[in-house]
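Use the sequences and the hints to build the structure in full.
2 protein chains.
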Amino acid sequence: MAILRPSITTGPDHNISDVPSVVIQRLPLYVRVLAYFEGNEYEMVSSEQLAGRLQMTPAQIRKDLSYFGKFGKQGRGYNVKRLAAELRRILGLDRSWNACLVGVGRLGRAIISYPGFQPEGFRVVAAFDADSALIGSEVGELKVDPLGDIPVKVRRLNIRIGIVAVPAQHAQGVIDRLVDAGIRAILNYAPIAAQVPPNVRVANIDPVLGLQSMTYYLKNARG
Amino acid sequence: MAILRPSITTGPDHNISDVPSVVIQRLPLYVRVLAYFEGNEYEMVSSEQLAGRLQMTPAQIRKDLSYFGKFGKQGRGYNVKRLAAELRRILGLDRSWNACLVGVGRLGRAIISYPGFQPEGFRVVAAFDADSALIGSEVGELKVDPLGDIPVKVRRLNIRIGIVAVPAQHAQGVIDRLVDAGIRAILNYAPIAAQVPPNVRVANIDPVLGLQSMTYYLKNARG
DNA sequence: GTTTGTGAATTCCTTCACAGCT
DNA sequence: AGCTGTGAAGGAATTCACAAAC
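Respectively, the protein sequence lines represent chains A and B. Letter 87 of the first sequence, counting from 1, is numbered 297 in our numbering, and no numbers are missing. Letter 176 of the second sequence, counting from 1, is numbered 386 in our numbering, and no numbers are missing.
The set of hints was computed from the structure by calculation and includes no laboratory data. Do not rely on the hints blindly, as some may be mistaken.
A pair holds if it fits inside one copy or across any two, identical chains being indistinguishable in the list.
DSS-like mimics (lysine-lysine), calculated; alpha carbons at most 25 Å apart, straight line [to be verified]: (1) Lys-291 / Lys-429; (2) Lys-280 / Lys-363; (3) Lys-363 / Lys-353; (4) Lys-291 / Lys-280.
Written as structure tokens, this is what we have:
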């Protein structure tokens with residue numbers, strides 16, 4: 211039984227710590243479900259309750275948390291606020307992160323106006339495009355800069371994350387530029403398997419892949 | 211080393227066949243990379259060549275394909291066109307699939323105009339919203355219908371896929387309605403872990419989760 | 001009584017390595 | 001010589017099950 215989580219790629223074999231990356235990818239889910247319990251005025255939750263809302267087993271949640279410490283109390287469960295704060299700290303979500311967007315076409319503009327990033331501490335502070343007709347124009351609150359400005363802007367604005375929303379045939383080139391500029395985390399909307407060095411992470415957003423594997427089950431379904 | 215693939219959820223333990231779902235989720239990647247080789251006029255490719263472009267091992271590709279048959283020739287590799295066609299057939303991509311969109315806010319409208327679905331055979335043929343101010347309006351080429359029309363439209367238009375683009379707090383309710391109407395595959399853009407029966411698949415699209423696990427590595431990076 | 005944290009057991013997935021075909 | 005297909009081996013991730021804590 212798989213669970214809601216994004217797919218993260220890196221270059222050839224690279225795990226910065228000994229915590230399995232599949233565990234790291236589940237932590238944001240725990241943060242999110244803890245926020246739900248916090249909103250519903252729970253003070254304590256058990257691994258059973260957390261698991262129930264995520265369709266996972268309680269053991270998996272406990273095992274995952276055990277990589278980082280002991281956050282619960284036997285017989286009582288976890289303090290919702292404290293566990294949420296600990297996980298946010300572990301994930302680096304106790305601060306904000308600057309990102310830049312490359313590609314301000316239709317998809318890029320939708321990403322800029324996506325309201326889900328800001329409340330989680332992710333700020334898009336620069337936008338780039340290769341199309342000279344777009345350069346200098348305003349998108350949201352941002353002025354569109356040429357790709358050549360990536361290195362300077364990344365340095366000046368302390369940008370750590372690149373968001374790639376360019377056509378497939380330009381995506382690898384853009385990713386290379388971002389990596390050259392020192393970016394180590396890329397949110398990639400282009401339908402390619404990006405080639406990156408081992409110390410760079412790529413999270414791929416690709417609705418078509420999801421649809422294409424679901425049709426297998428639709429086709430073979432018995433009602 | 212993880213690889214580009216979406217996360218697919220179902221209800222409690224359910225694998226329609228004995229092919230691991232992780233394998234099913236990789237097949238669309240193979241289809242895509244085969245299209246690349248086809249575009250570059252390759253007639254044959256080896257598992258080594260395919261693996262290279264996907265940052266996987268050749269053995270994994272061969273093993274994955276072996277669940278479905280013998281598509282290669284020793285000493286020569288795979289015929290690009292034939293393997294692509296076989297995989298498309300296996301995945302059910304040799305036909306088109308109708309989908310409906312629920313939620314025509316900013317995100318929903320971006321999804322409707324997303325150009326990636328159509329060429330892969332996915333057609334959004336109906337749109338629904340709860341907001342009576344939107345009902346009856348035109349979005350793209352579609353008229354927006356009320357949620358109550360879901361069952362009828364799903365039946366009449368042979369809709370097999372639901373795309374959910376409503377706010378988190380309404381998502382579970384919408385998903386329940388889709389499931390009641392007979393939908394068995396859901397592309398979910400809402401940031402929730404949907405609860406569905408075992409025979410329903412959910413592919414989650416959630417850029418924030420991706421960012422939130424990458425920050426772990428950014429925080430702990432050594433340059 | 002309840003629930004955690006964790007070694008041990010199990011299941012699942014990937015890689016190896018080579019026989020067999022072209 | 002080159003590459004597939006696959007059983008066997010190895011590795012990774014999940015689940016079990018229970019002692020310890022509350």
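Verification of the supplied hints:
Taking identical chains as interchangeable, the C-alpha atoms of Lys-291 and Lys-429 lie at most 25 Å apart only when they sit on different chains, with a minimum of 22 Å there against 44 Å within one chain. In this assembly of identical chains, Lys-280 and Lys-363 lie within 25 Å of each other by CA distance neither inside one copy nor across copies; the values are 41 Å within and 51 Å between. Taking CA atoms no more than 25 Å apart as the test, Lys-363 paired with Lys-353 passes inside one copy only; the shortest distance there is 12 Å, against 43 Å between copies. In this assembly of identical chains, the alpha carbons of Lys-291 and Lys-280 lie at most 25 Å apart only when taken from the same copy (15 Å versus 54 Å across copies).
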